[in-house]
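As numbered in my numbering, residues 1 to 216 make up the sequence shown, in order.
Everything labelled a hint here was simulated from the structure, so no lab data went into it. As the structure is a prediction and not an experimental result, all values here were calculated from the model. Incorrect hints may have been included.
As the list claims (entries may be wrong) - The following label-pair restraints were derived from C-beta to C-beta distances: (1) Gln174 <-> Ile97: 30 to 38 Å; (2) Arg98 <-> Ala129: 33 to 41 Å; (3) Asp95 <-> His208: 46 to 54 Å; (4) Gly41 <-> Ile97: 23 to 31 Å.
Glycine included, each C-beta is placed from N, C-alpha and C at the ideal position.
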Amino acid sequence: MRPYPTGSWMPIALSADLPAGTVMPAQSPAGPVALWRSRSGRAAAFADRCPHRGMRLSRGFVRGETLSCIYHGWRYAQEGNCLRIPAHPGLTPPDTIRVAMQPVEDGDGIIWISAGEPAAGPPRFDGLAPLRSMMAETDIAALEAAAGTKSAAGLLDYTHNAQTVQLLLAPEGQARTLMHVLVDEDSNPTQRIAASRAAEALRRAAEHISRSGIAQ
Numbered sequence: 001m002r003p004y005p006t007g008s009w010m011p012i013a014l015s016a017d018l019p020a021g022t023v024m025p026a027q028s029p030a031g032p033v034a035l036w037r038s039r040s041g042r043a044a045a046f047a048d049r050c051p052h053r054g055m056r057l058s059r060g061f062v063r064g065e066t067l068s069c070i071y072h073g074w075r076y077a078q079e080g081n082c083l084r085i086p087a088h089p090g091l092t093p094p095d096t097i098r099v100a101m102q103p104v105e106d107g108d109g110i111i112w113i114s115a116g117e118p119a120a121g122p123p124r125f126d127g128l129a130p131l132r133s134m135m136a137e138t139d140i141a142a143l144e145a146a147a148g149t150k151s152a153a154g155l156l157d158y159t160h161n162a163q164t165v166q167l168l169l170a171p172e173g174q175a176r177t178l179m180h181v182l183v184d185e186d187s188n189p190t191q192r193i194a195a196s197r198a199a200e201a202l203r204r205a206a207e208h209i210s211r212s213g214i215a216q
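Hey, can you work out the whole structure from these sequences and the hints?
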């Protein structure tokens, strides 16, 4: 899924959207993940499938520093190994029972994930701060066509009604794109509202292009 090949970082969510003690579904270059944050604030990304019966772990719940499956309560540590099987409370689960994990970096208000081991850390956007995320029902090509410019390493500059906004793009399949809206860190509330409206205008324009087949 362009522009994040295996071994590179993809922005999967904003840090503010994953409070401590919560879990959410997300999409990574390797497929669906359960993105969760422990009570102490550490983020982790598990393959969204419990090894027991295949239930989505993103429907589970966080207990302290562990994630529990909602189906039979199997509990997993941040390292992916199973810690407890409620039906067999006296059993120490073997180390072979574990959930596949992906590398996660959480910094500057953005949660990044990688399929495979990246050679370096995720990019930094000095002077910018995350504002919000929104889903566009279209691909990156249509967003680029609507903006009239190409994205560079997933970052797209767009100007609407004299308001320039930076959009960090993360593809979710063939026809959906997660847009993370970035603004100047010293922007005022009026500028932030304008940036949000600019991003919404781009989304509408790109979805229209996608429906009409203009970007093909």
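Structure-based check of all given hints:
Between Gln174 and Ile97 the beta carbon distance is about 34 Å. The supplied range of 30 to 38 Å therefore holds. Take Arg98 and Ala129: their Cβ atoms lie about 36 Å apart, and the range 33 to 41 Å holds. In this structure the supplied range 46 to 54 Å holds for Asp95 paired with His208, their Cβ-Cβ distance being about 52 Å. For the hinted restraint 23 to 31 Å between Gly41 and Ile97, the CB-CB distance of approximately 26 Å keeps it satisfied.
When held up to the earlier numbered hints, the structure conflicts with none and fits them all.
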